[in-house]
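Numbering (this note's numbering), first residue to last: 140 to 339.
You may find that some hints are simply not true.
Each computed BS3-like pair below joins lysine-lysine, with the alpha-carbon atoms no more than 30 Å apart [what the hints assert, rightly or not]:
no., residue 1, residue 2
1, 287, 199
2, 158, 280
3, 309, 326
4, 188, 287
5, 220, 165
6, 221, 205
7, 279, 326
8, 158, 232
9, 220, 287
10, 263, 158
11, 188, 224
12, 308, 279
13, 141, 263
14, 141, 162
15, 287, 158
16, 188, 199
17, 263, 245
18, 245, 162
19, 205, 294
20, 284, 199
21, 158, 284
22, 158, 245
23, 188, 220
24, 294, 309
25, 221, 162
26, 284, 326
27, 158, 205
28, 220, 284
29, 308, 326
30, 205, 188
31, 141, 243
32, 326, 162
Since the hints were derived computationally from the structure, they do not count as laboratory data.
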Amino acid sequence: MKIIGVTGPIASGKTTLSKRLSKLIKYPFWSADTCVHELMMHDAPIRQKIHSLFPIAFTKENDIDKNVLRACVLNDLENLKKLEKILHPAVEKSCRSFLQRARKNKLPGVILEIPLLFETRFEKEVDIIILIESLPSYQKKRILKRSKMTYEEAKIFEDRLIPLSEKRKKADIIIRNGFFIYWSLFKILLGILRLSKKKL
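Based on the sequences and whatever the hints tell you, model everything.
Laid out in structure tokens, this is it:
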């Protein structure tokens, strides 16, 4: 089974490209971000652990206010490490369960969208690494459109990660994403085809 790992900076278009690629080549798609969202919304033990650390991030209705939670970890990166310690094991468990089901069903391949692919050292588990980058103007537009996070806040999170220059060295396919999604998809398909031929 071929495992394709998609990674890249915040708001670079990873999810959009991954979903389109999934439909195009008929590989099931799993997203770490979606998994985190589901855990924070519905997993009682996870929510309890987060509440014990960041009670201020919970509303009167017991919902997690992501803007408040982001402020808590943005102002103190030690808090971010604590939050990651809660979430990362559960996310990895979900991902491995997804892969186990895919292998059991004898699927030809899957797509994993994992923003922290290198930071969690999960790149060792994938066969093809696709790094999605984007123009700063495109990234800013997507950040402002989809959340209340500012570009400057996003950069604070990004700056603590492995530099893009190092990720480029490890990636099999690098996509400079912009406004023409079909061109990006075309380049990804060409890259996958090239890599597949090399391994024949």
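Outcome of the hint check:
1. 287 / 199: holds (21 Å)
2. 158 / 280: holds (20 Å)
3. 309 / 326: holds (18 Å)
4. 188 / 287: Given pair residue 188, residue 287 holds - Cα atoms ~25 Å apart, limit 30 Å.
5. 220 / 165: violated (36 Å)
6. 221 / 205: holds (16 Å)
7. 279 / 326: holds (23 Å)
8. 158 / 232: holds (22 Å)
9. 220 / 287: holds (22 Å)
10. 263 / 158: This hinted pair holds, its Cα atoms lying about 22 Å apart.
11. 188 / 224: With a Cα-Cα distance of about 10 Å, the restraint between residue 188 and residue 224 holds, given a limit of 30 Å.
12. 308 / 279: With a Cα-Cα distance of about 25 Å, the restraint between residue 308 and residue 279 holds, given a limit of 30 Å.
13. 141 / 263: holds (13 Å)
14. 141 / 162: holds (16 Å)
15. 287 / 158: Distance ~24 Å between residue 287 and residue 158 Cα, so the pair holds.
16. 188 / 199: Satisfied, since the Cα-Cα distance of roughly 17 Å is no more than 30 Å.
17. 263 / 245: holds (21 Å)
18. 245 / 162: This hinted pair holds, its Cα atoms lying about 18 Å apart.
19. 205 / 294: holds (17 Å)
20. 284 / 199: holds (27 Å)
21. 158 / 284: Between residue 158 and residue 284 the Cα gap is close to 19 Å, so the pair holds against 30 Å.
22. 158 / 245: holds (21 Å)
23. 188 / 220: holds (13 Å)
24. 294 / 309: Holds, at roughly 22 Å.
25. 221 / 162: violated (36 Å)
26. 284 / 326: Given that 30 Å is the threshold and the Cα spacing comes to 26 Å, the pair holds.
27. 158 / 205: holds (24 Å)
28. 220 / 284: OK: residue 220 and residue 284 at ~27 Å, within 30 Å.
29. 308 / 326: This hinted pair holds, its Cα atoms lying about 18 Å apart.
30. 205 / 188: Distance ~15 Å between residue 205 and residue 188 Cα, so the pair holds.
31. 141 / 243: It holds: about 14 Å lies between the C-alpha atoms, which stays within 30 Å.
32. 326 / 162: holds (16 Å)
In terms of the numbered hints stated before, the structure departs from hints 5, 25, listed from lowest to highest.
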